[in-house]
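Next come the chains, spelled out residue by residue.
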Amino acid sequence: MIQLDAALSDLRRARRDDDVVITTMAAARSWMAHEGGMHPRDFVFVPSCMGHATSIGLGIALAQPQRRVIVCNGDGSMLMNLGSLVTITAAKAENLVVIVLDNGVYEVTGAQPTAGSAAARSGLGAVDFAGIARASGFESVHDFSNPDEWTRSVERVTRAKGPVFVHLDIEAVPGRPGPRSPGPAAERAQAFMRALGSAST
Amino acid sequence: MFSGDQIASVLTGSGISHVVTIPDSTIGRWESAIEDSGISLVRVCREGEAWTVAGGLHLGGARPLVMIQCTGLFESGDALRNVLHEWRLPIYSFIGYRSYLNQDTLPGDTTLVFTEPILSAWQLDVRLITEPTQLETIGEHMRACRVASRAGVALIAEGKA
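Quick note, the sequences are listed as chains W and G, same order.
Note that my numbering has the first sequence beginning at 399, numbered continuously upward.
Note that my numbering has the second sequence beginning at 534, numbered continuously upward.
Don't read these hints as lab results, they were simulated from the structure.
Among the hints, a few may not be true.
Residues from chain G shown here face chain W by an in silico Cβ test under 8 Å; the list is partial [as the list claims (entries may be wrong)]:
1) Glu568
2) Gly571
3) Val575
4) Val577
5) Arg579
6) Leu590
7) Leu592
8) Asn615
Just so you know, even glycine gets a beta-carbon here, dropped at the ideal spot from N, CA and C.
Using the sequences and the hints, build the whole thing.
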């Protein structure tokens with residue numbers, strides 16, 4: 399298993415300056431807490447409508463095809479919007495990377511198991527997110543449970559021709575708090591648009 | 534009530550770059566004309582996605598429009614709330630008003646009970662479009678909302694006419 403903070407630290411090292419990185423839920427909390435601080439093209443999707451980080455990412459990727467967009471999603475969030483994987487492949491978003499950080503629980507609400515976790519599916523085993531991605535039309539699909547392998551592969555995987563789907567087997571840490579918004583959302587949207595060069599004024 | 538070409542003309546006149554949509558039997562007939570006009574169509578799987586894909590497009594500098602039926606509006610409330618009210622992204626939408634023009638012959642569709650109160654509850658700037666003569670009203674409303682940088686809705690009656 400991979401620790402969430404370590405997985406995202408690896409992603410920070412691989413991230414290029416012009417990349418957009420979208421985080422939500424536990425990933426947002428971890429991303430904001432990192433000593434490296436925030437980048438102007440970070441989009442912390444807090445407050446959110448749970449499940450929609452992939453859809454926000456698709457929209458940005460379609461509007462800015464020259465830029466790589468990396469979405470750090472949770473497994474609970476992914477389950478809420480599985481259809482977005484089909485939408486992403488239909489839209490042929492070659493610059494989009496979806497990373498599912500799968501700890502099997504709704505961590506920010508007290509670590510209740512998701513319906514996709516092995517704990518909630520006696521005898522069935524955990525849902526195969528990588529398999530779902532392949533069946534949805536993703537051709538670049540990667541699955542990691544070994545932290546060293548992720549560390550060695552993160553740059554190659556996140557720069558592959560997309561859309562790219564990455565599943566990471568993440569260690570659950572019950573009791574960690576949910577993410578707090580780093581500031582007023584509307585003001586952050588404007589700042590983010592300026593960082594993308596997409597603000598009208 | 535409107536042809537695809539009429540709707541495409543309104544959209545191109547307003548500078549719309551992407552239409553994010555799930556069809557119904559009225560708005561679905563506009564798809565080919567919209568695509569032929571050069572606007573990109575983004576087909577989503579559920580209406581909630583439409584608001585957030587459109588939100589991302591707006592953040593990236595595009596000018597998207599959401600086109601869904603009122604039943605999809607009912608499904609997509611949390612995404613609408615987040616995109617339009619928390620992030621305050623001024624996304625314009627066409628919402629098909631199911632059965633509005635069939636109230637005499639097909640009574641009892643509860644969409645007629647809930648659509649307008651729900652739009653009111655969401656505090657959206659709505660223009661109800663019930664006549665073919667109101668095509669220009671849609672364009673004017675889109676322009677007014679863009680100038681004011683606020684979200685808006687053209688609630689377009691569907692049915693027999």
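Evaluated hints:
no.	hint	result
1	Glu568	14 Å, violated
2	Gly571	15 Å, violated
3	Val575	6 Å, holds
4	Val577	5 Å, holds
5	Arg579	5 Å, holds
6	Leu590	4 Å, holds
7	Leu592	6 Å, holds
8	Asn615	4 Å, holds
Hint violations for this structure: numbers 1, 2, all remaining hints satisfied.
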